[in-house]
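J.: Since the structure of chain A is already known, use the hints to place chain B on it.
Number of protein chains: 2
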Amino acid sequence: MRLLLAHLNQPYEWEEVPSRHVAPRTPEFLAINPNGKVPVLILEDGTALPESNAILHYLASGTPYLPTGRLEQAQVVQWMCFEQDSHVPNLAVPRLLKRYPDDPRQANLPAMFEAGYRALEVMEQHLAQRLYMVGGAYSVADICLYAYTHLAHEGDFDLARFAAINSWMERIRSQPGYIGIDAQPGLEG
Amino acid sequence: MRLLLAHLNQPYEWEEVPSRHVAPRTPEFLAINPNGKVPVLILEDGTALPESNAILHYLASGTPYLPTGRLEQAQVVQWMCFEQDSHVPNLAVPRLLKRYPDDPRQANLPAMFEAGYRALEVMEQHLAQRLYMVGGAYSVADICLYAYTHLAHEGDFDLARFAAINSWMERIRSQPGYIGIDAQPGLEG
Chain A
0 MRLLLAHLNQ PYEWEEVPSR HVAPRTPEFL AINPNGKVPV LILEDGTALP
50 ESNAILHYLA SGTPYLPTGR LEQAQVVQWM CFEQDSHVPN LAVPRLLKRY
100 PDDPRQANLP AMFEAGYRAL EVMEQHLAQR LYMVGGAYSV ADICLYAYTH
150 LAHEGDFDLA RFAAINSWME RIRSQPGYIG IDAQPGLEG
Chain B
0 MRLLLAHLNQ PYEWEEVPSR HVAPRTPEFL AINPNGKVPV LILEDGTALP
50 ESNAILHYLA SGTPYLPTGR LEQAQVVQWM CFEQDSHVPN LAVPRLLKRY
100 PDDPRQANLP AMFEAGYRAL EVMEQHLAQR LYMVGGAYSV ADICLYAYTH
150 LAHEGDFDLA RFAAINSWME RIRSQPGYIG IDAQPGLEG
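Sequences listed follow chains A and B, in order. According to numbering that gives the first Met the number 0, the first sequence is numbered sequentially starting from 0. According to numbering that gives the first Met the number 0, the second sequence is numbered sequentially starting from 0.
Be a bit skeptical, because a hint or two may be false.
Identical copies carry no separate label here, and so any pair may be met within one copy or between two of them.
Taking lysine to any residue and the SDA-like style, the derived pairs with C-alpha atoms no more than 25 Å apart in a straight line are [claimed, not checked]:
hint, residue 1, residue 2
1, K97, A114
2, K97, P23
3, K97, N107
4, K97, G176
5, K97, N8
6, K97, M111
7, K97, A110
8, K97, G35
9, K97, N165
Hints are computed from structural coordinates only; laboratory data are not their basis.
This is chain A alone, in the form it adopts within the complex:
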């Protein structure tokens, strides 16, 4: 999200919401997003748009970062759903759990690593045959998957054997306007 905003050179204000895990369930925050999750984009007219991938979609709309073809637009949604159901729950959560040793989800770590490596294999196989996730050009499908892929090592995933993923991450880092988003502290979803 901050990466896309940097690519677009679009001004914004960034406000952190204090929370344990991903659910800032205060009345003030629930009035903005009843689902109690970060991030939320607040538009200039006050409209609140939750879900990181919906925010990417909105910001990229009308720019080269969102393809315009029917199949390619559906494939962007395909990889955004893959990120939500197969990628984030397995690749992002182990990193988060390192800060919460008493979290009951610690018991699920072996299953998360198994499913997380499977998600990485799916990406590796896909990227072994193409430069970017969708349609031959850099898009929000790449940005959405880059976020927790490039931080997965902080959750003790070993990315060394994923050659195509590493080349793809290098290509993303060489995009004009790239900024490091490593400082991003919590789990956005």
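T.: What follows is chain B alone, placed relative to chain A:
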């Protein structure tokens, strides 16, 4: 998916993939979807499009079932991601687990019910103020959430107190071309 195809009166072939849970990990199926999940749409040129919401997006593109405005298109993605991260994992899985009493995920049922009722509350609050999920018209955002909402009672969710959701489901059932999808046997995601 079958509901949208019926609305669109579009011919298709439906093939069931035998699987336990949601991962038909045979070599034949992995060649079609390396992520090993149903459903997958096979286009006439052989292109395989996985992820139920990407399929809905593709089929609805260019029809009244996909809104065209920038914000509304992002809101469709918003509710599709909500379905993936907050809705299906909690509302669909209890129904599935009734068939697998020895599944280790049985231990997560109390957490699933808590999060599932929270997802229903989010929908209830949203629908109390509007007729459909996005932009005042029936769209794939409604179809995507209808599927496991209207089957949630089979996983022992009590929907009686969600008046706005029940009215919304009635509005969906009264759409031209509506077909019952209750017979849908497994978990699509």
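J.: Against each hint, give a clear statement of whether it holds in the structure.
T.: Verification of the hints:
no.	hint	verdict
1	K97 / A114	both (18 Å within a copy, 23 Å between copies)
2	K97 / P23	within (19 Å within a copy, 32 Å between copies)
3	K97 / N107	both (13 Å within a copy, 21 Å between copies)
4	K97 / G176	neither (31 Å within a copy, 50 Å between copies)
5	K97 / N8	neither (34 Å within a copy, 51 Å between copies)
6	K97 / M111	both (13 Å within a copy, 23 Å between copies)
7	K97 / A110	both (16 Å within a copy, 21 Å between copies)
8	K97 / G35	within (22 Å within a copy, 29 Å between copies)
9	K97 / N165	within (24 Å within a copy, 42 Å between copies)
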